[in-house]
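Protein chains in written order, with this note's numbering: chain A, 1 to 232; chain B, 1 to 309.
Check the hints yourself; a few may be wrong.
Stated by the list, open to error - Derived DEER-like restraints, expressed as beta-carbon distance ranges:
(1) A:D171 / B:N55: 48 to 54 Å
(2) A:E149 / B:D123: 41 to 47 Å
(3) A:G224 / B:R24: 55 to 61 Å
(4) B:L151 / A:R71: 44 to 50 Å
(5) A:D171 / B:A99: 28 to 34 Å
(6) A:T212 / B:E199: 58 to 64 Å
(7) A:R178 / B:E199: 43 to 49 Å
Unchecked claim - Heads up, incomplete: computed chain B residues facing chain A, CB under 10 Å, no partners named:
(8) T21
(9) F29
(10) P41
(11) L70
(12) D73
(13) V74
(14) N76
(15) F77
(16) Q229
(17) H230
(18) L301
Said to hold, decoys possible - Below, in silico cross-link-like pairs of lysine to any residue (SDA-like), each with a Cα-Cα straight-line distance of 20 Å or less:
(19) B:K38 / A:N143
(20) B:K68 / A:R126
(21) A:K119 / B:K210
(22) B:K6 / A:N143
(23) B:K30 / A:I210
(24) A:K151 / A:V182
(25) B:K30 / A:K151
(26) B:K39 / A:I174
(27) A:K63 / A:H74
(28) A:K119 / B:K30
(29) B:K68 / A:I67
(30) A:K27 / A:D145
(31) A:K119 / B:K68
(32) B:K30 / A:K63
(33) B:K30 / A:V182
(34) B:K39 / A:H74
(35) B:K30 / A:K27
(36) B:K210 / B:L251
(37) B:K214 / B:P265
(38) B:K38 / B:N273
(39) B:K30 / A:H74
(40) B:K256 / B:N273
These are computed hints drawn from the structure, not numbers from a lab. Cβ atoms here follow ideal geometry from the backbone N, Cα and C, with glycine treated the same way.
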Amino acid sequence: MQYAIGIKYPVSTIQHPGILNLVSSIKHHVSSIQHPTPILTFRPEILFLLKSHVQLKTLLDNKQLDITLQRLAHQLVENHLQFKDTVIIGIQPRGIWLSDRIAAIVSRITKAKDIPYGKLDITFYRDDVHQAGQEMNVPSSTNIDFSIENKDVILVDDVLHTGRTIRSAMDALIDFGRPKSVELLVLIDRRFSRELPIQPDYVGQTVDTIITQKVKVHWKEKDGKDEVVLID
Amino acid sequence: MSLSVKHLLGIKELQPGDIQTIFRTADNFKQVLQRQIKKVPALRDTTIANIFFENSTRTRISFELAEKRLSADVVNFSASGSSVSKGETLIDTVHNILAMKVDMIVMRHSASGAPWFLSNHTDASIINAGDGINEHPTQALLDAFSIRERLGELKGKRIAIIGDIMHSRVALSNIYCLGKLGAEVMVAGPPTLIPKHIEKMGVKVEYDVKKALKWCEVANVLRIQLERQHKPLFSTLREYSLYYGINKQMLDDLQKEILIMHPGPINRGVELNSDVADSKQSIILNQVENGVAIRMAVIYLLSGKRELE
Numbered sequence: 001m002q003y004a005i006g007i008k009y010p011v012s013t014i015q016h017p018g019i020l021n022l023v024s025s026i027k028h029h030v031s032s033i034q035h036p037t038p039i040l041t042f043r044p045e046i047l048f049l050l051k052s053h054v055q056l057k058t059l060l061d062n063k064q065l066d067i068t069l070q071r072l073a074h075q076l077v078e079n080h081l082q083f084k085d086t087v088i089i090g091i092q093p094r095g096i097w098l099s100d101r102i103a104a105i106v107s108r109i110t111k112a113k114d115i116p117y118g119k120l121d122i123t124f125y126r127d128d129v130h131q132a133g134q135e136m137n138v139p140s141s142t143n144i145d146f147s148i149e150n151k152d153v154i155l156v157d158d159v160l161h162t163g164r165t166i167r168s169a170m171d172a173l174i175d176f177g178r179p180k181s182v183e184l185l186v187l188i189d190r191r192f193s194r195e196l197p198i199q200p201d202y203v204g205q206t207v208d209t210i211i212t213q214k215v216k217v218h219w220k221e222k223d224g225k226d227e228v229v230l231i232d
Numbered sequence: 001m002s003l004s005v006k007h008l009l010g011i012k013e014l015q016p017g018d019i020q021t022i023f024r025t026a027d028n029f030k031q032v033l034q035r036q037i038k039k040v041p042a043l044r045d046t047t048i049a050n051i052f053f054e055n056s057t058r059t060r061i062s063f064e065l066a067e068k069r070l071s072a073d074v075v076n077f078s079a080s081g082s083s084v085s086k087g088e089t090l091i092d093t094v095h096n097i098l099a100m101k102v103d104m105i106v107m108r109h110s111a112s113g114a115p116w117f118l119s120n121h122t123d124a125s126i127i128n129a130g131d132g133i134n135e136h137p138t139q140a141l142l143d144a145f146s147i148r149e150r151l152g153e154l155k156g157k158r159i160a161i162i163g164d165i166m167h168s169r170v171a172l173s174n175i176y177c178l179g180k181l182g183a184e185v186m187v188a189g190p191p192t193l194i195p196k197h198i199e200k201m202g203v204k205v206e207y208d209v210k211k212a213l214k215w216c217e218v219a220n221v222l223r224i225q226l227e228r229q230h231k232p233l234f235s236t237l238r239e240y241s242l243y244y245g246i247n248k249q250m251l252d253d254l255q256k257e258i259l260i261m262h263p264g265p266i267n268r269g270v271e272l273n274s275d276v277a278d279s280k281q282s283i284i285l286n287q288v289e290n291g292v293a294i295r296m297a298v299i300y301l302l303s304g305k306r307e308l309e
């Protein structure tokens, strides 16, 4: 569900404190709605005014994130039972924090000691390697010390946005062998910003966002606390 | 993160951070080279010309493999059998090659400084694959990378470069590279083959090979470059071998295990005896293996620097 406000006055008049107060009270009202999670979008000129104090909205807090991870892991086990022919592969660099957690929860549920779990870097497979103004990325490590030949592969990434990362990941994956199937698990699905026909099989939370917004996933191990925030 | 330079002309121009970036990228390519499919599609849109005005086996094959494993298109050119023998100038040759939409040039030339000269006259990125007696940057990078692989970070490590220092571009690039990484460097060999005032570059000088071996943790042994010596600098190869050649006995007498390196081609029985070159202390073939990963890293990182239409 999207809420938008439109104001028919020149930008200069919007700076009036009264209007800013109006904006913030709408935001406050919208953020009190629990379900479905509303995303508030503003016209660009208002967004510009609000940029000075960056707006954060928590999509998942510590507790909600934990419940979501448990659910995702249980869904995986539901479909793959003992993980006999299934492997988990996290996408570097940000997907591995999620895949670390998922792999740990799955092995706790199934009581299996060693679920094959690898990390995949996709730097050399990106389609924007030589885009103008793009710096060359120095890759993170790839670490897949098992065969994926004829295995059911679960690709794991934190945020699904344009779908281009997943496209690269599938190309990279196939250089390691021919998997029986590939599924995609993501924590956040930004569903209306896809540029390629790619859909996730397991989703933590679906959000509707515009391209200028950013979704940030924070992990305790790395950022000090578990949460998912939307930045306007 | 990219390199601070547009061309790889010499190690002299690189920042220590650039070298670390190249190493971190090469770590990844080394992993790629151990897979069944030793190839990535990163440079599908790039064409590279290898221009060799001087003989080469290792460097040339290594560059060509590196380019192919990045999925770049490759053209090879060697001076013999080309228009160079009809009197074409270097700039004309290169401009003609670039007119065919080539993005990057890998060049070896017998004239010191040729790649610098060329870089002033073209927009394409240039990688120096050895110029006269000046620099051979990718060799120095792969040497340091091979040491790092065995002994860890190079800071404080003691490396002796032994042999024909005067005519060796490998020696000069190594001195720059090891210096930037914080290693201690010693050059050793007959006085006629060590340039005067080389200690100004921050290296130790030693004329007794046994003392150099005793001091170092790694010995990088160089070939005597007879083709570049235009006047006699030592009496005979046999005499050189007697005083400066390294044999197994000398290594066994050290009571420690040092690494033996050589950039190739080896003159067996001159600077290195076969029992050293083939011993388990020798990492000569690891150097060759790492060469492909290092060159992939350099080409990949420089490919982002070109002008895009």
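Verification of the supplied hints:
In this structure the hint that D171 of chain A and N55 of chain B lie 48 to 54 Å apart at CB is violated, the actual value being about 39 Å. Look at E149 of chain A against D123 of chain B: about 45 Å separates their beta carbons, and that is inside 41 to 47 Å. One distance hint, 55 to 61 Å for the beta-carbon pair G224 of chain A and R24 of chain B, is violated here, with the actual separation near 26 Å. Between L151 of chain B and R71 of chain A, the C-beta spacing of about 48 Å keeps the proposed range 44 to 50 Å intact.
For D171 of chain A paired with A99 of chain B, a C-beta distance near 33 Å keeps the hint of 28 to 34 Å intact. At roughly 59 Å, the beta carbons of T212 of chain A and E199 of chain B sit within the given window of 58 to 64 Å. With their beta carbons about 59 Å apart, R178 of chain A and E199 of chain B fall outside the hinted range of 43 to 49 Å. For T21 of chain B, the shortest C-beta to C-beta distance to chain A is roughly 6 Å, which falls under 10 Å, so the interface hint holds.
Interface hint status for F29 of chain B: upheld, as the beta-carbon distance to the closest one in chain A is roughly 8 Å, under 10 Å. Evaluation of the P41 of chain B hint against chain A yields a held restraint, the C-beta minimum of about 6 Å falling below 10 Å. The criterion of a C-beta within 10 Å of any C-beta in chain A is met by L70 of chain B, whose closest approach is roughly 8 Å, and the hint holds. A distance limit of 10 Å between C-beta atoms decides the matter here; for D73 of chain B the minimum to chain A is near 14 Å, and the interface restraint is violated.
Annotation: V74 of chain B was flagged as interfacial toward chain A, and the flag is violated, the nearest CB pair being 17 Å apart, outside 10 Å. A least Cβ separation of about 23 Å between N76 of chain B and chain A goes past the 10 Å threshold, and the interface hint is therefore violated. Residue-level restraint check for F77 of chain B is violated (minimum Cβ-Cβ distance to chain A is 24 Å; threshold 10 Å). A least Cβ separation of about 41 Å between Q229 of chain B and chain A goes past the 10 Å threshold, and the interface hint is therefore violated.
For H230 of chain B, the suggested interface contact is broken, since its CB lies about 43 Å from the closest CB of chain A, more than 10 Å. Because the smallest distance between the Cβ of L301 of chain B and any Cβ of chain A comes to about 5 Å, under 10 Å, the interface hint for this residue holds. Restraint check for K38 of chain B and N143 of chain A: the C-alpha separation of about 15 Å stays at or below 20 Å, so the hint holds. For the proposed pair K68 of chain B and R126 of chain A, the alpha carbon gap of about 18 Å is at most 20 Å, so the pair holds.
Only pairs whose Cα atoms come within 20 Å are accepted, and K119 of chain A paired with K210 of chain B is rejected, the gap being roughly 48 Å. A hinted pair counts as satisfied when its Cα atoms are at most 20 Å apart, and K6 of chain B with N143 of chain A does not qualify at roughly 31 Å. For the hint pairing K30 of chain B with I210 of chain A, the CA-to-CA distance comes to about 40 Å; that exceeds 20 Å, so the pair is violated. With a C-alpha separation of about 9 Å, the suggested pair K151 of chain A and V182 of chain A falls inside the 20 Å cut-off, and the hint holds.
A threshold of 20 Å between alpha carbons decides the hint, and for K30 of chain B with K151 of chain A the separation of about 25 Å lies outside it, so the pair is violated. This hinted pair checks out: K39 of chain B and I174 of chain A have alpha carbons roughly 12 Å apart, not beyond 20 Å. Distance hint between K63 of chain A and H74 of chain A is fulfilled; the C-alpha atoms sit about 17 Å from each other, no more than 20 Å. Distance restraint check for K119 of chain A and K30 of chain B: the Cα-Cα separation of roughly 16 Å lies within the 20 Å cut-off, and the hinted pair is therefore satisfied.
Restraint check for K68 of chain B and I67 of chain A: the C-alpha separation of about 47 Å exceeds 20 Å, so the hint is violated. Proximity of K27 of chain A to D145 of chain A is assessed by CA-CA distance (about 49 Å); at most 20 Å being required, the pair is judged violated. Between the alpha carbons of K119 of chain A and K68 of chain B the distance comes to roughly 25 Å, so the proposed pair goes past 20 Å and is violated. A hinted pair counts as satisfied when its Cα atoms are at most 20 Å apart, and K30 of chain B with K63 of chain A does not qualify at roughly 41 Å.
Distance restraint check for K30 of chain B and V182 of chain A: the Cα-Cα separation of roughly 26 Å exceeds the 20 Å cut-off, and the hinted pair is therefore not satisfied. Our distance criterion of 20 Å between C-alpha atoms is broken by K39 of chain B and H74 of chain A, whose separation comes to about 37 Å. A distance of roughly 51 Å separates the Cα atoms of K30 of chain B and K27 of chain A; the hinted pair therefore is violated under the 20 Å criterion. With a CA separation close to 9 Å, the supplied pair K210 of chain B and L251 of chain B stays within the 20 Å bound.
Between K214 of chain B and P265 of chain B the alpha-carbon distance is near 25 Å, which puts this suggested pair outside the 20 Å criterion. Taken as a hint, the K38 of chain B and N273 of chain B pair is broken in the structure, with Cα atoms around 34 Å apart against an allowance of 20 Å. A threshold of 20 Å between alpha carbons decides the hint, and for K30 of chain B with H74 of chain A the separation of about 37 Å lies outside it, so the pair is violated. Restraint check for K256 of chain B and N273 of chain B: the C-alpha separation of about 19 Å stays at or below 20 Å, so the hint holds.
The structure fails hints 1, 3, 7, 12, 13, 14, 15, 16, 17, 21, 22, 23, 25, 29, 30, 31, 32, 33, 34, 35, 37, 38 and 39 (numbered hints given earlier, in ascending order).
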